[in-house]
Amino acid sequence: MRKLMSNRLVVPAFLALLVVALAFVMPSNFYFRVAALVWISALAVIGLNLLMGFAGQVSLGHAGFFGLGAYSVAILPAQFGLHPVIALIAGAAGCALLAFVVGRPILRLKGHYLAVATLGFGILVSMVISNEAWLTGGPDGMPVSRLTLFGWRARGADTWYWITGGLMVVGALLAVNLVASPTGRALRALHDSEVAARVVGVDVARYKLIVFVISAIYASVAGSALALVNGFITPDAAGFLHSIQLVTMVVLGGMGSILGSVVGAAVLVVLPQVLTVFHEYEHLMLGFMMMAFMILLRSGIVPSLSTLIAGRRA
Amino acid sequence: MSVIKVEEIGISFGGVKAVDHVSFCVNEGDVFSIIGPNGAGKTTLFNLVSGVYQPKFGKVFLEGADVTGLEPQVLARRGLSRTFQNLQVFFRMTARENVMVGRHLKEERGLLAHLLALPATARQNRESAASADVYLERVGLGAYADTPASAMPYGALKRLEIARALAAEPKVLLLDEPAAGCNAVETEEIEKLVRKIADEGTTVVLVEHDMKMVMRISDRVHVLEFGKTLAEGTAEEVRTHPKVIEAYLGTHGSKEAAVALG
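Listed in order, the protein sequences are those of chains U and B. Remember, the numbering used here sits 90 above the position in the first sequence when you count from 1. Remember, the numbering used here sits 186 above the position in the second sequence when you count from 1.
Bear in mind the hints are in silico, worked out from the structure with no lab data behind them. Accuracy of the hints is not assured; some may be wrong.
[To be verified] Some chain U residues flagged as far from chain B (calculated, every beta-carbon gap over 12 Å):
(1) 124
(2) 143
(3) 144
(4) 166
(5) 170
(6) 204
(7) 207
(8) 236
(9) 265
(10) 268
(11) 292
(12) 297
(13) 300
(14) 334
(15) 383
[Stated by the list, open to error] Covered by chain U, per the in silico footprint, the following chain B stretches (three or more residues, Cβ under 8 Å):
(16) 290 to 297
(17) 300 to 312
Heads up, the beta-carbon is just placed ideally off N, CA and C, and yes, glycines get one too.
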């Protein structure tokens with residue numbers, strides 16, 4: 091049991107070390123910026139992985155929550171003079187409430203039907219953001235005021251590297267805690283058999299809703315962080331393609347793997363940067379590599395590699 | 187006192203009366219078996235009693251209270267649990283974790299404490315793991331505690347389901363073909379286990395095809411055919427009941443039926 095307890099913390103501890111260690115080898119601000127984008131995506135993907143990988147419920151609309159988080163740190167300070175941190179918290183609370191209201195009816199659906207319903211939700215959010223130009227600047231996007239904490243202005247890629255890295259590690263820690271708790275066991279159980287979970291007293295509808303709300307909060311906070319880092323936000327953050335990208339990161343990194351969430355995010359953020367050397371073939375290469383990953387490492391990068399390594403050892 | 191009482195219950199699927207006005211009473215601590223040919227409606231009856239299906243008519247009483255139409259998780263809280271004919275195991279979890287889910291209702295469920303891994307949650311995890319190990323030991327799966335369910339043999343998974351259901355400390359346990367697909371040795375182990383569960387005070391309702399086992403351990407036997415009650419009585423009464431013999435082997439097979447029914 092002691093061993094089990096310490097095992098749980100291995101992944102967040104490793105991620106914390108990674109954030110610290112990488113900071114020493116970053117050659118330029120550009121790298122800090124890319125890494126900050128990885129940490130932000132990873133945060134959203136960890137949340138989505140709790141929903142998809144652990145509880146087995148798909149969402150093709152999570153960029154909706156991401157976008158709402160992003161726009162709340164853009165709109166609330168600009169329109170109501172709220173502090174960006176308060177705006178971030180308000181955005182997360184708003185997304186939690188929205189997820190609660192939307193989740194109730196749509197989480198009754200299963201599999202493909204749930205996928206289509208969440209897809210519809212995501213499209214709805216991105217349409218609203220694109221169309222309400224008086225509030226959101228419409229398709230052109232809107233600027234985000236800088237974050238100031240106690241008279242200290244957060245600026246520079248390295249500053250945001252640390253802030254987003256910290257958020258990601260905290261997100262990973264909370265996620266591993268949850269997975270190893272009675273709630274986490276209930277979520278994993280209903281993934282495998284809803285009826286078996288119910289006959290031992292698990293309120294399946296309630297637990298699906300809980301994890302949906304939690305994953306919406308993760309997406310919202312990640313969205314807020316992106317808006318603050320970029321200082322500018324466009325409706326693409328809430329768009330359908332971004333939802334698909336988040337799901338791809340979950341699947342590529344490994345369903346049900348917290349470390350996999352970070353790896354999946356890293357691959358999909360970093361790879362396009364690396365592949366620019368192929369010029370016009372960049373997207374072709376990206377597509378091929380994603381297919382190769384899924385064919386060769388079919389349960390996702392991290393779970394497949396860890397089974398492989400465990401197999402070698404045995 | 188009857189722990190579970192079913193009154194004139196029924197359901198139909200597309201015009202077919204899968205279960206049609208079935209009634210029975212189960213006394214506390216008894217092993218009550220439901221038998222019948224394939225397609226007689228035994229599993230459907232279980233699904234009605236355990237809340238998986240909503241009955242079209244009829245009533246179910248648990249310890250005297252009307253529980254008709256309540257959802258499985260509500261019935262679990264009131265002391266009814268079950269296993270499944272087709273395995274419903276949490277395959278992505280270890281044997282211990284499977285049984286820990288069975289402890290769900292006994293666990294502290296503060297979400298914030300879980301996210302922050304407060305000491306109370308760690309203590310809860312230890313308690314659940316410890317009691318899961320006790321239940322695994324009880325069904326003879328102690329050695330499998332850390333094995334992923336996906337790597338366990340079929341017979342062990344059948345017992346794992348029983349351990350998970352027992353972990354919920356039910357008053358009434360519905361076992362749907364616990365010995366199906368098991369060899370003679372495994373069947374004997376399951377028979378002993380069922381006897382032990384009943385002796386310790388849990389009421390057992392059993393659907394089973396292994397007639398020898400049914401006749402040996404049942405206090406009462408209820409026979410279904412085409413969704414209707416054919417007969418009910420002690421094992422001896424049912425075994426010699428002409429209608430039962432006819433249902434199993436036709437009119438002229440009484441001698442063979444007597445052999446088949448043990």
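Hints and how they fare:
Non-interface call for residue 124/U relative to chain B: holds, since the shortest CB-CB distance, roughly 29 Å, exceeds 12 Å. Not every beta carbon of chain B lies more than 12 Å from that of residue 143/U, the smallest distance being close to 10 Å; the non-interface claim is violated. The Cβ of residue 144/U sits about 9 Å from the closest Cβ of chain B, inside the 12 Å cut-off, so the non-interface label is violated. At roughly 25 Å, the least C-beta separation between residue 166/U and chain B is larger than 12 Å, which holds for a residue marked as non-interface.
Against chain B, the non-interface label of residue 170/U holds: every CB pair exceeds 12 Å, the least being about 28 Å. The beta carbon of residue 204/U is kept farther than 12 Å from every beta carbon of chain B, the shortest such distance being approximately 19 Å. Every CB of chain B is more than 12 Å from the CB of residue 207/U (nearest about 22 Å), matching its label as outside the interface. Remark: the non-interface label on residue 236/U is consistent with the geometry, its nearest Cβ contact in chain B lying 30 Å away (cut-off 12 Å).
The non-interface label for residue 265/U is inconsistent with chain B: the shortest C-beta to C-beta separation is roughly 9 Å, within 12 Å. At roughly 5 Å from the closest C-beta of chain B, the C-beta of residue 268/U falls inside 12 Å, breaking its exclusion from the interface. At the 12 Å boundary, the C-beta of residue 292/U falls inside the reach of chain B, the nearest C-beta of that chain being 5 Å off. Not every beta carbon of chain B lies more than 12 Å from that of residue 297/U, the smallest distance being close to 10 Å; the non-interface claim is violated.
With a closest Cβ-Cβ approach of about 7 Å to chain B, residue 300/U is found to fall inside the 12 Å limit, against its non-interface label. Every Cβ of chain B is farther than 12 Å from the Cβ of residue 334/U; the closest lies at roughly 25 Å, confirming the non-interface assignment. In this structure residue 383/U is separated from chain B by more than 12 Å, as the shortest Cβ-Cβ distance comes to about 22 Å. Counting residues of the stretch 290 to 297 of chain B whose CB falls under 8 Å from any CB of chain U gives 6; the rule of at least 3 is met.
With a cut-off of 8 Å between beta carbons, the stretch 300 to 312 of chain B has 9 residues touching chain U; three or more are needed, and the interface restraint holds.
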